[in-house]
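Construct the complete structure from the given sequences, taking the supplied hints into account.
Each chain, written out:
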Amino acid sequence: MCGIAGYINFDTSKPASQEVLKKMTDIIAHRGPDGEGFHVKENLGLGHRRLSIIDLVTGDQPMYSEDKSIVLIFNGEIYNYIELRDELKLLGHSFKTTSDSEVILKAYLQWGVKCQEKFNGCWSFAIWDDKEKYLFVSRDRLGEKPLHYSVWNNSFVFGSEIKSLFAYGVPAENDFSLVELYFFLKFIPAPYTFFKGIKKLMPGHYLIVKDGSVKELKYWDLPEIDESNMNDDKNKIYETFEFLLKDSINIRMRSDVPFGALLSGGLDSASIVALMSEITKFPIETFTIGYSHSDFDETDLAKDVADKFKTNHHVYNVEPETFDDSLKKVLFHYDEPFGDSSAIPTGIVSKFARNYVKMVLTGDGGDEVLSGYPSYQGVKLSSYYNKMPKFLRQAFPNALNAISKSSRGTFRYKMNRYERLMRSANSDFITSMVERMPTNDVHSVKALFPDRKNIYSIEDYTKSVMAGCTYKDDFYKLNYLSFKLFLPDDYLVKVDRMSMAHSLEARVPFIDYRLVEYSLNIDKNIKMKGFERKSILRNTLGKKKLPPSLLSASKKGFRIPLVEWFKEPDMKERLSKLSQSDFGLDKKIIKSFVDDNTSGSKDNSNMIWMLLLLQETVDKKND
Amino acid sequence: MIDRASKRILILVPGENARGGITNYYYSIKKEFTYNVEYFLRGSRTFPFRESWIKDILQPLKDLWRFYKKIRKKDYSLLQTTTAFDSVSLVRDFLFIVLARHYKMKVVVFFRGWDLGFAERLEKKYLKLFKRIFFKADAIIELSSEFQNRLYSWGYKKKVYLETTLVDKDLVNGLSDDDVSAKYGNIENLELLFLSRIETAKGIYETIEAFEILKEKYPNAKLSIAGDGRETRNVIKFIEERNIKNIDFVGHVSGKEKQECFKKSHLFIFPSYSEGMPNTVLEAMAFGLPVITRKVGGLVDFFENDKHGYFTHSKDPEVFFGFMDSLLANPELMKKIAIENHRFAKERFLSSNVAKRIEKIFDEVLDAK
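Going line by line, the protein sequences match chains A and B. Under our numbering, the first residue of the first sequence is numbered 1, with each subsequent residue one higher. Under our numbering, the first residue of the second sequence is numbered 624, with each subsequent residue one higher.
Hints should not be assumed to be uniformly reliable.
Straight-line Cα separation of at most 30 Å, DSSO-like style, residue types lysine-lysine; simulated pairs [as the list claims (entries may be wrong)]:
no.	chain 1	residue 1	chain 2	residue 2
1	B	983	B	653
2	A	545	B	930
3	A	281	B	918
4	B	930	A	281
5	A	543	B	840
To list a few chain B residues with every Cβ distance to chain A over 12 Å, as calculated [to be verified]:
no.	residue
6	645
7	650
8	678
9	710
10	726
11	744
12	780
13	796
14	959
No wet-lab data here; the hints were simulated from the structure. Note that the structure is predicted; figures quoted are calculated from it, not measured. Quick reminder that beta carbons are idealized off the backbone N, C-alpha and C, glycines included.
Written out as structure tokens, the structure reads:
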């Protein structure tokens with residue numbers, strides 16, 4: 001993959017500068033260390049950093065049409081480029097290279113902006129059409145590749161990462177109205193960024209920049225579903241699912257450089273490796289990171305998979321990074337506060353894999369496509385619970401509360417959890433989702449912002465996301481929310497920035513749009529038989545091909561030593577500074593988070609991590 | 624053709640007070656040999672028979688002196704050592720090898736149980752020294768192909784034989800397919816068995832944690848822990864602290880008691896961290912028990928998921944619970960595994976068959992120039 005950046009001055013008499021453009025691309029050189037290219041003409045500048053994966057010789061960018069009237073810069077991969085090239089050849093186009101970039105160019109010549117609908121892949125690209133005099137900027141359907149933009153100082157400025165816009169000169173003016181969203185979600189959701197005037201292009205959308213105006217349009221959305229007639233033909237679903245996943249993997253294995261797979265020890269990545277090993281006769285390079293803390297260590301399960309498919313398996317035992325190293329990396333690569341701490345191990349495994357290969361397939365997106373998160377179990381349980389008479393529904397949580405007060409240890413913890421689940425089952429979808437979002441309880445997070453006048457509330461934001469949702473059942477609504485919010489703005493951002501930080505291309509077969517569209521139409525009882533997570537995967541690849549140990553293991557998350565970090569003596573001063581610093585949040589609440597964490601009475605480490613990231617972002621701006 | 628009865632063979636085996644797989648192995652196989660085989664008992668296990676530290680230090684010297692006196696008349700044709708791949712065993716046994724070679728005996732080294740960390744260190748620092756002594760052996764016997772390959776990769780030019788441990792023929796005498804599979808028709812109260820030395824590295828805590836999860840779903844399930852070891856007291860404390868019911872400590876078992884343990888159990892669990900070729904697993908198989916274990920030692924060379932039970936690299940108790948749960952959900956599969964394991968073990972691991980293979984190795988070594 002690559003990095004792109006560019007700008008267009010609305011004042012046509014103001015020429016673009018290659019010097020400025022180079023600054024914008026140099027800052028994202030990690031995304032593409034293999035080369036750079038620029039197109040500077042009149043008021044337009046388009047820049048590109050290249051990481052060569054397909055067509056290593058002739059795939060340089062910017063790429064021009066034969067008459068030079070169309071210019072393309074492109075970040076990503078079009079996986080069905082071979083099929084599209086054949087189709088375009090039949091339509092009379094000829095090709096000089098074997099690259100997917102040229103396919104985009106010719107597809108645009110053939111179909112105009114509708115070409116996006118033809119692509120199966122991950123991308124953000126910009127095409128300058130000199131005849132029509134407009135810039136066409138596109139982002140893939142589900143948000144794998146990023147695109148940030150701003151209209152500033154009478155110019156349209158864009159880039160793969162926000163730092164390119166800063167390099168151009170767009171000011172980093174913090175938008176504090178979004179802090180509640182940040183503390184509930186751990187990230188700033190699209191189309192917003194933490195900086196006023198800088199936006200993220202929404203997945204499935206494109207921009208037309210013409211005559212000083214910027215128009216945002218949609219070319220793809222999640223499909224409508226008919227809930228009275230969901231697909232429940234189990235055998236057909238199993239067959240189609242396997243076919244689509246295998247095809248998705250097959251086209252994602254198109255590469256002219258060595259590649260492998262990240263193998264976590266979970267079902268999703270193991271399934272990817274199982275199918276990859278069927279497609280190629282060569283052993284697959286697989287990569288796993290291990291932890292000293294065995295509760296989070298899945299290396300043994302990954303080894304079971306590696307044994308079974310005879311991969312060249314590489315295991316890296318993680319030495320905990322220092323706090324400062326991790327903080328520095330996250331701040332640099334995400335540009336804005338990004339509180340999902342699993343970004344750190346994702347970075348570590350990417351760096352490790354890059355020592356051996358240039359491209360990897362990952363199992364991300366499996367939980368979305370297969371409705372695999374434990375929250376789906378909660379939603380399903382709630383739907384049964386809500387069928388009970390109202391007086392019982394009110395009595396149960398109170399009874400559990402009484403039992404938990406008179407009990408201890410894990411039993412008390414379990415009772416509390418069931419009580420919370422039952423209470424949230426009594427709420428509407430948005431309220432119950434909001435209750436599940438933050439790492440700490442809703443009230444203490446909300447209390448962080450005493451002045452709520454200009455705060456964009458999490459409820460309002462979630463409502464705005466769900467406004468476009470026509471799904472009725474909470475299970476399907478959760479599907480919608482996952483694809484619209486958590487997948488593009490958390491998981492895919494995490495994977496993109498951390499893999500690109502180490503010049504590693506990460507491909508995500510589970511979110512092939514065909515698989516996504518197909519899965520959204522599957523009945524929830526097929527996706528989750530009883531309360532079994534990922535029933536489709538378990539009953540197809542799981543039972544047929546994977547080692548049995550994988551089907552038995554519980555879901556584990558990435559872990560970084562946050563709790564330990566914040567208890568270290570040299571963190572004392574830093575945390576005390578955090579409690580005293582004034583960045584619009586309630587100091588007493590911050591102090592209580594820190595004190596409770598230090599005393600061990602509560603694990604507030606994730607909250608403190610997010611606070612420190614925010615504080616550093618604010619301080620950086622003030623430097 | 625070698626006249627086996629005329630050849631005297633000396634095998635180094637652990638002292639008579641020792642308990643465990645190796646001792647059982649030699650006890651069971653001795654009556655099957657057609658060669659004139661003698662055991663040379665050396666050393667002693669530290670648990671539970673340790674008498675004093677001084678005795679422990681002097682013991683190897685006494686052993687060597689006894690050994691010297693035994694072989695100096697050149698009555699023996701071959702020495703077979705039983706050497707664990709760790710620093711203490713290698714240092715101890717190399718002196719026996721040097722002496723044996725001095726008195727023109729052929730030498731076969733039987734490596735049992737690899738300390739992987741030690742092997743790594745040896746590879747980096749002491750490989751030359753190791754090769755100078757042990758690569759003089761006329762043959763090496765190994766329990767797993769992983770270690771067999773490692774010895775070849777270090778440059779051993781003679782043959783490394785792949786062997787197994789064994790199941791005493793008398794232990795399973797008269798046991799039929801029906802005997803081992805009938806109990807899976809209707810399992811009312813599940814009986815789970817752990818039979819080994821009670822040590823952390825044998826996976827005793829993982830066993831208990833997996834059983835704890837199992838009990839949530841099968842409240843009547845019972846776990847029998849057979850064996851003794853250094854960790855016994857801590858294990859009892861661990862169980863008491865967690866208030867886990869239905870765990871029965873049987874203590875060290877042999878003979879009839881051991882037979883009874885295997886016969887009444889439905890599943891065998893053994894999440895050991897490291898092994899050569901665990902006898903206890905082979906015995907459980909011979910009694911038809913589906914086995915839940917880890918990918919250790921020689922097991923990886925023959926064990927198959929769904930055919931013999933389940934095995935994994937993982938130490939996660941939830942994984943072991945998952946294995947048990949999926950077996951319990953499928954009594955027909957348990958029955959099938961029971962018959963398969965019983966037949967497989969009888970064919971491959973019965974003491975009489977193992978003895979034949981070992982004697983063939985002796986034949987080849989003694990026959991070679």
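Taking only the CA atoms, is the gap from residue 545 of chain A to residue 930 of chain B under or equal to 30 Å? Judged against 30 Å, a Cα distance of about 15 Å means the pair holds.
Given pair status - residue 281 of chain A, residue 930 of chain B, alpha carbons within 30 Å: It holds: about 27 Å lies between the C-alpha atoms, which stays within 30 Å.
Is it correct that the beta-carbon of residue 650 of chain B has no partner in chain A closer than or equal to 12 Å? holds (34 Å)
Over 12 Å from every CB of chain A: does residue 796 of chain B meet that, or does the non-interface label fail? holds (33 Å)
Residue 959 of chain B non-interfacial with respect to chain A [C-beta, more than 12 Å]: Answer for residue 959 of chain B: holds, closest chain A Cβ roughly 15 Å.
Take the C-alpha atoms of residue 543 of chain A and residue 840 of chain B, compute the straight-line distance between them, and say whether it is at most 30 Å. holds (22 Å)
Just double-check residue 726 of chain B for me: nearest Cβ-Cβ distance to chain A has to come out over 12 Å. For residue 726 of chain B, whose nearest Cβ neighbour in chain A is about 45 Å away, the distance exceeds 12 Å, so it holds.
Are the Cα positions of residue 983 of chain B and residue 653 of chain B separated by 30 Å at most? holds (15 Å)
Verify that the Cβ of residue 645 of chain B lies farther than 12 Å from every Cβ atom of chain A, and report whether the claim holds or is violated. Non-interface label stands for residue 645 of chain B: nearest chain A Cβ at 27 Å, farther than 12 Å.
Distance restraint between residue 281 of chain A and residue 918 of chain B, which requires alpha-carbon spacing of 30 Å or less: Judged against 30 Å, a Cα distance of about 25 Å means the pair holds.
Run the C-beta distances from residue 678 of chain B to all of chain A and say if the shortest one exceeds 12 Å. Answer for residue 678 of chain B: holds, closest chain A Cβ roughly 38 Å.
Just want to verify: residue 780 of chain B was marked as not at the interface with chain A; is every Cβ pair farther apart than 12 Å? holds (28 Å)
Every hint from the earlier list agrees with this structure, and none is contradicted.
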